[in-house]
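Each chain, written out:
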Amino acid sequence: MTTTLTPVLSAHWDEADSYTIGAYERHGGYKGLRKALTMAPEDIVAMVKDSGLRGRGGAGFPTGMKWGFLPQGGDKPHYLVVNADESEPGTCKDIPLMLANPQSLIEGIVISSFAIKANHAFIYVRGEVLHVVRRLQQAIGEAYDKGFLGADILGSGYNLELTLHCGAGAYICGEETALLDSLEGYRGQPRLKPPFPAVAGLYACPTVVNNVESIASVPSILTNGAGWFSGMGTEKSKGFGFFSLSGHVTKPGQYEAPLGITLRELLDMAGGVRAGHELKFWTPGGSSTPIFTAEHLDVPLDFESVGAAGSMLGTRALQIFDDTTCVIRAVLRWIEFYEHESCGKCTPCREGNFWMAQILERLEHGNGTEAELDKLLDICDNILGRSFCALGDGATSPVTSSIQYFRDEYIEHFRRGGCPFDPAASTVWAGGKA
Amino acid sequence: MAFTEDVRARLEVDAKEIIARYPKARSALLPLLHLVQAEQGYVTQDGIGFCADMLNITAAEVTAVVTFYTMYKQEPAGEYHVGVCTNTLCAVMGGDQIFAELSEHLGIGNHETTEDGRVSIERVECNAACDFAPVVMVNWEFFDNQSPETVKRLVDDLRVGNDVKPTRGADRVCTWREASRVLAGFPDGRAGEGVQAAGPTLEGLNLARARGWTAPAAGESNEENDQ
Ligand SMILES: Cc1cc2nc3c(=O)[nH]c(=O)nc-3n(C[C@H](O)[C@H](O)[C@H](O)COP(=O)(O)O)c2cc1C
Ligand code: SF4
Ligand code: FES
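Those sequence lines, one after another, are chains C and W.
Here this note's numbering is used: the first residue of the first sequence is 1, the next is one more, and so on.
Here this note's numbering is used: the first residue of the second sequence is 435, the next is one more, and so on.
Bound conformation, chain C alone:
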């Protein structure tokens, strides 16, 4: 019954040279590519569909199906763009993956590009991770040297160029159409959909945008089979993924497990909430997913179950906050983030987040009124579903969910005329662990 961990992508991260192509090949790397190059591209797409792999970048769209949307037979080039912008607060899986094992991503890129008939692929990596950039540069160089990239890959007649592109600090560039604008050399602002990138993406050509972890999972499917992948996970959420535990937990870190594992199981593996404290609230998939509380410890962490419980699986970014944390402080800081990162294109998000930050600041200092809670909910109503992209929608998640679960705590703030919590008690050095 109990779920166990299933290290696949992380299986060799404890070897000092894990980021080199030598280590990668030593452990069976590039076998998947060799197999792929003997297959028809359509069959690879079918295999990825059969595996049940769903996007690991947050939305969970079936990867094979996305690839299948590319119009075939046109004269425009196809592109693969890997989303390595990882900036959703709490999300911290792609960066350690690319630091420790960039070759799994490169192999996935070659297989995926071959499957969608692209001859040029891009990695859009956030700029604020210098050493990851170095590792990717080296990995790409090694792959070219070995003939896994470039002209006539492994004698197959297939050609692929791979360009690494560094962002410059903007959360919104993780949104796939803003990313494409940014990659084209513009301000990163989302585009109207449709047309979707599959039809008109980079340079208005058919384009697949996929998350790092999605693409890095592809070689294992080629090597081990679609049935192997779909044998893990739950009915509609197949396979494995990283669960990233952070915050007030004894052993924060990356836990690679089948989808459907619960937070109770993960906390058990991670030594529990930090000593002497209790779980207060947590995010299942980053700051844009409604918070959960201790009553959700047994919700299977798959797309359907988390959705049914009122949140979203998102990026499996499990930020754990214990009883020392003021929920209003946490929410205010997230809203300040959305206010800062709003691209300004649409009014509900640009103005709404600005207003919400002001109200939350008053509330945190105990200067609010109960009417302002309703005003917050009203603003959320005007942002959710009325924003141009999912950044605006996501910003409402922490606000509405915190009022749902912690209305009393908001009220306590203005009843007392101040915050009842001591921020010093939440810090790492306050105890629990060093």
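Since the hints were made in silico from the structure, they are not lab data.
Remember, it's a predicted structure, so these values are computed and weren't measured experimentally.
All C-beta atoms in this analysis are idealised placements derived from N, C-alpha and C, irrespective of residue type, glycine included.
Check each hint, because a few of them may be wrong.
Said to hold, decoys possible - Rough simulated footprint, nothing fancy, chain C against chain W, three-plus residues with beta-carbon under 8 Å:
#1 459 to 473
#2 620 to 627
Unchecked claim - Have a look at the derived ranges for each label pair, beta carbon to beta carbon:
#3 Lys375(C) to Arg552(W): 45 to 53 Å
#4 Asp17(C) to Glu451(W): 25 to 33 Å
#5 Asn640(W) to Ala309(C): 24 to 32 Å
#6 Arg552(W) to Thr2(C): 47 to 55 Å
#7 Gly147(C) to Pro457(W): 16 to 24 Å
#8 Gly431(C) to Lys450(W): 24 to 32 Å
#9 Gly623(W) to Asn367(C): 37 to 45 Å
#10 Arg611(W) to Thr2(C): 49 to 57 Å
#11 Glu295(C) to Lys450(W): 58 to 66 Å
#12 Lys599(W) to Asp43(C): 42 to 50 Å
#13 Gly141(C) to Ala498(W): 30 to 38 Å
#14 Phe196(C) to Pro457(W): 15 to 23 Å
#15 Gln479(W) to Leu377(C): 41 to 49 Å
#16 Gly147(C) to Gly623(W): 19 to 27 Å
With the hints as your guide, set chain W with the ligands onto chain C.
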């Protein structure tokens, strides 16, 4: 600070190499801005003019892009730019206190630089290292699991010129300009330095090893993991 002819000629060679990476030249704008930032430490009017020339677009078009992205500095950054993560998770775990004490220690505020030009500080958003909270970045290298004391010592070392080693990164922190050049796509040969992974990154793998847990073997349908 207009570019001398020598500098301009050298930059043009780099710029052409960058532009050649893309099917369309305009895509080169972000790396070109990292390149001019590497030359001057921040994006100047001359840098903007250079990018505009290289891409055949207007200075206004370049400026619109510069102002959109937080990594492009419009005033000189310190030789060592220190970013303290104060997004919620890190803030709660101690990032707020770290920033407050650091700011007081250096006598400068957010986006300011010490008088000697050595250190600038900034509150940064989540840097994808939450499992190492509280996190501090120096020239975009990771300094994990920080405290007010470690960060104050860190900037003191940077100011007197002692070598400083990131927790997950190169053996020694490079300068702001050197870092910007790598981001423009010119490797500095240091990818092999530093650890492959550390602490929290390996927590799950270590536990799996200790308990003998593995992913199912190929061809094996694993009922157990199916719950
Ligand atoms: C504001 C915002 C930020 C996003 N940031 C990321 C990101 O950093 N990485 C990512 O893979 N997807 C991100 N996404 C989701 C992408 O738009 C897109 O769905 C994803 O890259 C598709 O890849 P997948 O199908 O493999 O998950 C973001 C979406 C939004 C609205
Ligand atoms: S929702 Fe926000 S980020 Fe998205 S387009 Fe509107 S203003 Fe920009
Ligand atoms: S919140 Fe600081 S690294 Fe994520």
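Need the list of violated hint numbers for this structure, in ascending order. 8, 9
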